[in-house]
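Engineer: The sequence shown lines up with residues -14 to 227 when you count with the working numbering.
For the record, the hints were derived by calculation from the structure and aren't laboratory data.
Check before you lean on any hint, since a few could be wrong.
[What the hints assert, rightly or not] Cross-link-like lysine-lysine pairs, in silico, DSBU-like; alpha carbons within 30 Å at most:
#1 LYS77 <-> LYS89
#2 LYS89 <-> LYS117
#3 LYS117 <-> LYS77
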Amino acid sequence: MTVAFSDSGLACSGRFGRALVSLLLAVMITACAGRGGDIPYDPPGFTAPDPLANKLPDLPTVLGPGDVIDVRVYRIDNLSGEQVIDNTGRIKVPLIGAVTAAGKTTDALGADIAAALGARYLQNPDVQVLLKTPVARLVTVDGSVSQPGLYPVNGEISLMQTIAMARGTAQGANPHRVVVFRTIDGQRMAASFDLESIRDGEMDDPAIYPEDIVVVDGSSLTATWTLLLQTLPIVALFQPLR
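Construct the entire structure; sequences and hints are all you get.
Structural biologist: Pasting the structure below:
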């Protein structure tokens, strides 16, 4: 038998050579088609989920600039009415003045207003805040994903869920390097995450918030993203961009 390597691959001659090639092909096909893994297939106890187990929890909506809210102080009409959260994240409430609303839920904001009114003006005020017209919250998903773009976010979602909204990673993506850009205390920050480690349970699936930018490393990155990502350490901690 003669075995040689050529530009087209492995070449064999002779009856034994042909048998060897057939055996190698069979092994390769079997390996590709094998199930493998530690997760059992169709286990007997894997029945339908409980009626309540398949319901997603109701995530609280966090208020932000531009949201239209309705502040209601029970039986006191002149303290009640619609408010638009301004660009600084605040509203103006009669008697107590500016109140920070951005970053709070409606319940938390109502409690803060009630506490401020109760401290000086009213006895046990009953305050309700309703969100009437929310402004769309967006997260940017870019890089090596199937459908880069802006996606609406209402409440908290995880990094894996964010990638899923963009129809998953694209061909040529590097799942070991996904960078999240975020503004914290006025400082632009970035952190890198490993999707494979998250899937394997070795790394927590981080929360993604509105205004975050998620970039998946890979061959389809623009030159600007590639240069920036190469300068970042692979750590799951937000660090300032220098």
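Engineer: Straight-line Cα separation of LYS117 and LYS77 no greater than 30 Å?
Structural biologist: Holds - the C-alpha atoms of LYS77 and LYS117 are around 17 Å apart, at most 30 Å.
Engineer: Would you check the hint for LYS89 and LYS117, treating anything up to 30 Å between C-alpha atoms as holding?
Structural biologist: holds (15 Å)
Engineer: Under the criterion that the straight-line Cα-Cα distance not exceed 30 Å, is the pair LYS77, LYS89 satisfied?
Structural biologist: Holds: LYS77 and LYS89 sit about 15 Å apart, inside 30 Å.
Every hint, counting from the list given before, is met by this structure.
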